[in-house]
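Enquirer: Going line by line, the protein sequences match chains A and B.
Residue numbering for the first sequence is 1 to 305, as defined by our numbering.
Residue numbering for the second sequence is 1 to 361, as defined by our numbering.
No lab work stands behind these hints, which were simulated from the structure alone.
The beta-carbon is built from N, C-alpha and C at its ideal position, and this holds for glycine as well.
Possibly wrong hints are sitting among the right ones.
[What the hints assert, rightly or not] Calculated lysine-lysine pairs in the DSS-like style (CA-CA distance at most 30 angstroms, straight line): (1) B:Lys129 - B:Lys168; (2) B:Lys129 - B:Lys64; (3) B:Lys102 - B:Lys178; (4) B:Lys225 - B:Lys355; (5) B:Lys355 - B:Lys209; (6) B:Lys129 - A:Lys129; (7) A:Lys213 - A:Lys129; (8) B:Lys355 - B:Lys11; (9) B:Lys129 - B:Lys108; (10) B:Lys209 - A:Lys129; (11) B:Lys11 - B:Lys64; (12) A:Lys213 - B:Lys105; (13) B:Lys102 - A:Lys213; (14) B:Lys209 - B:Lys178; (15) A:Lys267 - A:Lys213; (16) B:Lys108 - A:Lys213; (17) B:Lys129 - A:Lys213; (18) B:Lys178 - B:Lys64.
[Said to hold, decoys possible] Here chain A is said to cover these stretches of chain B; the calculated rule only asks that three of the stretch's residues, wherever they fall, bring their Cβ under 8 angstroms from a Cβ of chain A: (19) 81-89; (20) 98-104.
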Amino acid sequence: MADVTANMQRPSPAHASGPKPRRAFSRNNIVIYGILVVLAVYYLLPFYVMLMTSLKGLPEIRMGSIFAPPMEITFEPWVKAWSTVCTGLNCDGLSRGFWNSIKITVPSVFFSIAVASVNGYALSMWRFKGANVFFTILIIGAFIPYQVMIYPIVILLREIGLYGDLGGLVLVHTIFGMPILTLLFRNYFSSVPEELFKAARVDGARFWTIYLKIMLPMAVPIFVVAVILQTTAIWNDFLFGVIFTRPDNYPMTVQLNNIVNSVTGVKEYNVNMAATLLSGVVPLTIYFLSGKLFVRGIAAGAVKG
Amino acid sequence: MQPSVSIQNLKLDFGSVSVLRDLNLDIGQGEFLVLLGSSGCGKSTLLNCIAGLLEPTEGSIHIKGQNVTWAEPSDRGIGMVFQSYALYPQMTVEGNLTFGLKNAKMPKDEIARRVARAAEVLQIEPLLKRQPAALSGGQRQRVAIGRALVRDVDVFLFDEPLSNLDAKLRADLRVEIKRLHQTLENTMIYVTHDQVEAMTLADRIAIMKGGVVMQLDTPSVIYNKPANKYVADFIGSPSMNFFDTRLANPQSPKVVIAGKDVSLSGYEFTRPGFSGDVWFGIRPEHIVTGEAADAAPTQFEVRAELVEPMGAETLVWSSLAGTSLRFRVDGQMPVADGDLIRVGFDPARASIFDKAEELRV
Chain A
1 MADVTANMQR
11 PSPAHASGPK
21 PRRAFSRNNI
31 VIYGILVVLA
41 VYYLLPFYVM
51 LMTSLKGLPE
61 IRMGSIFAPP
71 MEITFEPWVK
81 AWSTVCTGLN
91 CDGLSRGFWN
101 SIKITVPSVF
111 FSIAVASVNG
121 YALSMWRFKG
131 ANVFFTILII
141 GAFIPYQVMI
151 YPIVILLREI
161 GLYGDLGGLV
171 LVHTIFGMPI
181 LTLLFRNYFS
191 SVPEELFKAA
201 RVDGARFWTI
211 YLKIMLPMAV
221 PIFVVAVILQ
231 TTAIWNDFLF
241 GVIFTRPDNY
251 PMTVQLNNIV
261 NSVTGVKEYN
271 VNMAATLLSG
281 VVPLTIYFLS
291 GKLFVRGIAA
301 GAVKG
Chain B
1 MQPSVSIQNL
11 KLDFGSVSVL
21 RDLNLDIGQG
31 EFLVLLGSSG
41 CGKSTLLNCI
51 AGLLEPTEGS
61 IHIKGQNVTW
71 AEPSDRGIGM
81 VFQSYALYPQ
91 MTVEGNLTFG
101 LKNAKMPKDE
111 IARRVARAAE
121 VLQIEPLLKR
131 QPAALSGGQR
141 QRVAIGRALV
151 RDVDVFLFDE
161 PLSNLDAKLR
171 ADLRVEIKRL
181 HQTLENTMIY
191 VTHDQVEAMT
201 LADRIAIMKG
211 GVVMQLDTPS
221 VIYNKPANKY
231 VADFIGSPSM
241 NFFDTRLANP
251 QSPKVVIAGK
261 DVSLSGYEFT
271 RPGFSGDVWF
281 GIRPEHIVTG
291 EAADAAPTQF
301 EVRAELVEPM
311 GAETLVWSSL
321 AGTSLRFRVD
331 GQMPVADGDL
341 IRVGFDPARA
351 SIFDKAEELR
361 V
């Protein structure tokens with residue numbers, strides 16, 4: 001059992017073995033790194049253009065050379081995008097959307113993972129009657145297109161008085177995250193040796209004690225994966241955000257769209273670019289902070305699931 | 001005396017597959033019972049039923065006179081040791097030992113006292129602050145035994161506890177478990193597929209096949225007087241030699257092997273007066289060679305076909321009357337393939353089973 005933790009930190013061998021490392025500039029390496037560099041440039045170029053444009057003033061942008069670095073750096077577009085740009089009736093910039101997105105994402109991620117992890121634990125360990133039927137229905141739910149369910153959910157939320165409310169959107173996100181997260185946790189907990197669960201039962205632990213004291217500490221990698229998946233998905237969500245909330249409560253993505261797609265007045269490319277970069281900051285940060293853990297968690301799930 | 005564990009008419013079906021069939025078993029106070037069988041015979045399933053980890057379809061289980069058929073595992077007065085140790089990886093050894101006691105909301109000083117005692121008995125005191133990952137296999141299994149020990153239970157359940165250990169460690173820990181049983185005098189139920197463990201540890205062995213107990217008796221009876229051909233074949237390595245023959249003449253019973261009359265005057269019949277087609281079984285270690293063979297009541301001349309030297313003794317494969325015949329000779333005796341060897345045995349040590357039901361005659 002302890003092997004689960006042991007595997008995570010594989011010690012490097014005391015004596016290196018295997019063939020001698022090959023030369024850095026062999027023909028193979030040049031080809032491989034060449035392709036990688038080209039691909040990296042391909043993906044980084046738009047980012048570069050956005051960053052440069054967001055730091056230029058409008059007159060400079062009108063000159064047209066989009067790849068050139070700004071002659072005069074200005075943070076005016078960033079400030080405007082964050083705090084004063086108008087969307088609809090509100091003129092307090094993206095900051096409103098940012099806080100709305102936080103208010104939507106944090107509880108949605110928390111509740112969906114809390115419920116799904118217990119689901120997965122119950123489905124893999126307790127095998128109650130009809131567990132497989134329940135699981136199958138849940139997974140089938142993942143294959144039904146969202147569009148089919150939008151209108152029924154609007155009616156449902158209206159009936160329970162949550163339509164247009166942030167709480168309603170949190171509920172929708174929690175429910176829609178359920179199939180994939182339950183699958184993730186079920187597979188992870190299925191890889192935990194059954195004898196560990198039996199030992200805990202013999203030791204007098206019940207459902208919640210086993211979950212909190214035994215399973216939860218062992219499942220940290222998969223929780224990290226779930227947090228990343230959910231945070232990115234919910235933060236980037238546009239469809240549910242635009243349908244289930246009122247303009248006051250629009251998440252950042254919807255606000256961004258309204259800024260960029262506004263047809264009145266002058267197109268402020270620099271403000272648009274700054275706004276886009278601002279709304280991408282959270283998922284980017286999450287990836288950078290947890291990249292290693294993410295890969296480890298995905299790999300653990302893949303090998304053992 | 002009231003049995004420690006009593007199992008009555010226990011049945012367990014997984015869907016349409018019946019794993020345990022109408023099983024009855026009484027285990028005495030302080031007895032060491034080994035459940036022995038090949039994989040899929042239902043021995044682990046039975047143990048899980050006793051532990052309360054599986055619910056039987058029918059029947060009842062009593063521990064110390066209490067009906068515990070539907071009780072929670074922790075309320076049965078049992079402790080269990082698993083093949084994979086099943087230590088909680090994120091807790092220290094001490095955390096592992098105290099987990100069950102904390103769940104039972106035991107006072108702190110009592111917990112400390114019990115942990116100290118278990119650690120002393122199992123000699124794991126220096127390991128208490130370590131993580132399971134930092135322990136060797138033998139140490140881990142000792143902690144796992146300790147986890148059952150601290151709970152001060154009536155019945156210990158072992159589910160193949162030594163199968164994950166290497167041969168030498170297995171022998172060491174086997175002795176330790178036996179010593180533990182002598183010290184604690186608890187009832188112990190031990191599941192294994194290893195007949196050496198079964199023979200050395202058990203007060204009684206229950207040999208299982210297809211969810212049924214084939215024979216329940218002391219190791220000596222199981223070895224010397226197996227109740228049926230399955231048990232005879234299963235116990236002993238290499239396994240018993242069987243001759244296909246006919247038992248005739250109830251007045252002076254005899255069988256014919258390779259054209260020779262073998263008188264059964266010394267054989268203790270379970271069913272005297274039986275006649276008909278039988279399997280005549282003789283263990284490889286009951287076949288003698290050399291001078292002893294000349295003195296034996298029944299003698300044959302066989303050709304060694306394959307020789308397996310094992311150090312202390314040599315295993316010889318030959319054939320007699322169209323049946324493969326295995327026997328052991330002293331390791332010092334020079335034997336080569338193709339040698340003619342005089343072998344003999346005492347028919348009183350044989351086991352005879354009727355061919356129809358394969359039960360002891």
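Enquirer: So, against the hints stated earlier in the document, which numbers end up violated here?
Expert: Hint check: 2, 6, 15 fail, others pass.
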